Structure formats: structure tokens, C-alpha cells
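Novice: Use these hints to put chain B with the ligands onto chain A, whose structure you have.
There are 2 protein chains.
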Amino acid sequence: MKFSPALQELMEALRCLPGVGPKSAQRMTLHLLERDREGASKLAEALQDAVDKIDHCSRCRNFTELDVCEICSDLRRDAATICVVETPGDVLAVEQSGSYRGLYFVLMGHLSPIDGIGPEDIGLDKFQRRVLDEGISEVILATNPTVEGEATAYYLTDMLQPQGIRVSRIAHGVPLGGELEYVDGSTLAHAFSGRRVVE
Amino acid sequence: MKFSPALQELMEALRCLPGVGPKSAQRMTLHLLERDREGASKLAEALQDAVDKIDHCSRCRNFTELDVCEICSDLRRDAATICVVETPGDVLAVEQSGSYRGLYFVLMGHLSPIDGIGPEDIGLDKFQRRVLDEGISEVILATNPTVEGEATAYYLTDMLQPQGIRVSRIAHGVPLGGELEYVDGSTLAHAFSGRRVVE
Ligand SMILES: [Zn+2]
Ligand SMILES: [Zn+2]
Numbered sequence: 001m002k003f004s005p006a007l008q009e010l011m012e013a014l015r016c017l018p019g020v021g022p023k024s025a026q027r028m029t030l031h032l033l034e035r036d037r038e039g040a041s042k043l044a045e046a047l048q049d050a051v052d053k054i055d056h057c058s059r060c061r062n063f064t065e066l067d068v069c070e071i072c073s074d075l076r077r078d079a080a081t082i083c084v085v086e087t088p089g090d091v092l093a094v095e096q097s098g099s100y101r102g103l104y105f106v107l108m109g110h111l112s113p114i115d116g117i118g119p120e121d122i123g124l125d126k127f128q129r130r131v132l133d134e135g136i137s138e139v140i141l142a143t144n145p146t147v148e149g150e151a152t153a154y155y156l157t158d159m160l161q162p163q164g165i166r167v168s169r170i171a172h173g174v175p176l177g178g179e180l181e182y183v184d185g186s187t188l189a190h191a192f193s194g195r196r197v198v199e
Numbered sequence: 001m002k003f004s005p006a007l008q009e010l011m012e013a014l015r016c017l018p019g020v021g022p023k024s025a026q027r028m029t030l031h032l033l034e035r036d037r038e039g040a041s042k043l044a045e046a047l048q049d050a051v052d053k054i055d056h057c058s059r060c061r062n063f064t065e066l067d068v069c070e071i072c073s074d075l076r077r078d079a080a081t082i083c084v085v086e087t088p089g090d091v092l093a094v095e096q097s098g099s100y101r102g103l104y105f106v107l108m109g110h111l112s113p114i115d116g117i118g119p120e121d122i123g124l125d126k127f128q129r130r131v132l133d134e135g136i137s138e139v140i141l142a143t144n145p146t147v148e149g150e151a152t153a154y155y156l157t158d159m160l161q162p163q164g165i166r167v168s169r170i171a172h173g174v175p176l177g178g179e180l181e182y183v184d185g186s187t188l189a190h191a192f193s194g195r196r197v198v199e
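Chains as they are written, first to last, in UniProt numbering: chain A, 1 to 199; chain B, 1 to 199.
This is chain A alone, in the form it adopts within the complex:
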């Protein structure tokens, strides 16, 4: 069918958003043009702005528009502890939990030999230097409890322990408020293998 090219292009361009199929792209396009052209202009600007300005922090690799991100340069944080996560989304999740006051290192992925992703691709050479240079006392591994995340955690442990760094792994198991019956099998397996003796 014939439809205005600019409209068609917008519908297609919206498909780059995760979870947006042809139907919602169409709904979004018509909504913006009928009711929120100002929002559409602002979104266009925000997108280009983010793409142009956001790069990785030179210290922790998290997203930032500065050379060193706001978390890394926050003097109130515990600079002797680094939490290693896979993605900027993980940093957000930990920050939102309010349970951590140290610094981060963002791998932007995980080790995956099958995809040709080795230690240097996730910045581990850089990370090793940083840990030594900054006299870090503890590294908390918060990679995902997946095969790749676990392999990455093992690799980091092997790399850091010989240097006298305390290495810890966050706990995995049944989430608080989670009913055993509805928890998936691998989480339960984790919960059992990670059990502690009650003292």
C-alpha cells in the first residue's frame, strides 16, 4: 500500500527499539504525529545527543559523557572496593538497591570463547592494572549466574587472588518473597549448592 515515505521510514526506524514490532511502531508513529510532535522532536534530540556524547568512563567503563564518570569521581564512595558487573544496566540495578557504596568495573559483556570474546575484549588487562595501581582491597564479582557469567567470575578469581586481593561473589538463590514452587530449577540448584550451615 502507498503511504507517505517519511511516515513509513519512521515506522521502520522505531523497530530498532527492543520489544517494538510493526503494530506498535505504527501505533507510536500515529500517536506522535497526531498528538505529540513536540515529544517527537525532543526524543530526536535526546537520541542524537546521547549517541554523540555518551562514551565509556575511562576508569570503570560505565556509560558517561565525562572522561571519568560521576560514580568514580564521587569522593564519598568507598574507593577500596570494586564491584564487577557485566552491563551498565547492572550498575543501575545495584545503585537502585542502595546496597553498595563502593566503585564499579563494567565488563560490557562476559568471556565467551565461542564468540571470540577473550579477557582483553572485556577490559580485564586494564582492570588488573587498575586493581594494582589503586590498592584495591576487595573485588566483588556480580556477573550473571549464567555459564558465561560464572566462567568470567572464575577467570577473575584466578587473576586476582594470587595478588592478595580479597575476591567475593554475590549470593544467588531464591529471591526474597519468592515462592519455592515458582522458582526456576537452576535458581534452586544455586540455592542448594550455596547453602550455609545454620550456627
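None of these hints come from the bench; they were simulated from the model.
As the structure is a computational prediction, the values presented were derived from the model and not from experiment.
Any given hint could be a false lead.
Intra- or inter-copy, both count: the list cannot distinguish identical chains.
In the DSSO-like style, the derived pairs of lysine-lysine whose C-alpha atoms are separated by at most 30 Å in a straight line are [what the hints assert, rightly or not]:
hint, residue 1, residue 2
1, Lys53, Lys126
2, Lys42, Lys53
3, Lys23, Lys42
Specialist: Same frame as chain A, now just chain B with the ligands:
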């Protein structure tokens, strides 16, 4: 929590999209920056392009970047029949059904005295002139089967019938393949009041 302003602004700007809450805005932002910066740039351009170029067809009021849209200027279409719909999305739906070969008039809304939306706000003065000027033989009313859509259809009927124009209303009822049990009450009411004697 502290987060890069450009990132925060993008998360907020994405909320202008229908159905996008804070969680999906965050997921979209991280996805674009981590994995599809090119898509984000293209989307920015397509948004601004659509906002700048798309206006209403001077003949049917549908979205177009031309003065007269491609449907209106398509000589293979039946120019003696006009289908009246509420929104450009309705045009899309009818076009996709492949069941109609005439022209359109897009109200960009419906009569709603309570919101101060009268006949001129939905272009009916213009539409009346068009019907007379172009010697239209049939006007098909495809406004929605809502209180406002029906009121708009009644108004159009009263306006056009005295001028000798054939006015018809599309059928409303149980959708094909729809199970009676799962059809909502007002659709069923429509289906009953619109019943035809089997001959
Ligand atoms: Zn940083
Ligand atoms: Zn037109």
C-alpha cells in the same frame, strides 16, 4: 541516584512513546547505547524528518508530505466514493484490508460538544464543499461505533442526505472467527440491533 544527564534525558524522552514506562525506557536506552547506536541515529533523523515534513493532505486531511496525498491523486481509485474515518490509523486499517478502492476524508477526531469539538474542528464545512464540488455519489461512514463516532455519523447523515448524496454506514457486529462467548456486550448489542432478515 547519579546518572549521566544525556542518558537520563533519553530515558525521559522515550516516555513520549505510548506504552513505554520507566522500565522499558531504561531497557531501550541501554540497548541502543550498547548495541545499536546507528539505529538510534537513524531513529532521531526519521523522527525529526516526520515532524518537519508530515502535514495534512489538503483534500482528505490524511497525513502526507505532499500537498495532495498519494491516495487522493491516484487516478485508478473510484473518485465518486468517499469513506469518512476518524484517524489516519483507520485509513491504514481499511487500506490493509484491501476492501475499498474509493477516496477518504479523515476527521482527525469526532464531534464532542463536551470537549468543545464542533463540526468545523473536524473539517465538516470543508467536507461539505468537497462533496458538492466533486459530485460525490456515495459517502461511506466508518467512524467508530462509540457514542461520539455514532453522533458524528448521524450529523454527517443529516448534512449529506438532503443534498441527494447516498450515505451508508459500515456494518458493526461479531468479528469473523470471533466466538460469541468472548465478544464484549456492546458489540453483541450492535450485532443484534443490526440483524438482517434471512431471505
Ligand atoms: Zn567510572
Ligand atoms: Zn488525501
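Novice: Take the hints in turn and mark each one as holding or not.
Specialist: Quick rundown of the hints versus the structure:
1. Lys53 / Lys126: This pair counts as within: shortest intra-copy Cα distance 23 Å, inter-copy 48 Å.
2. Lys42 / Lys53: Result: close both inside a copy and across copies, 16 Å intra and 16 Å inter.
3. Lys23 / Lys42: The answer is both: 23 Å in one copy and 19 Å across copies each meet 30 Å.
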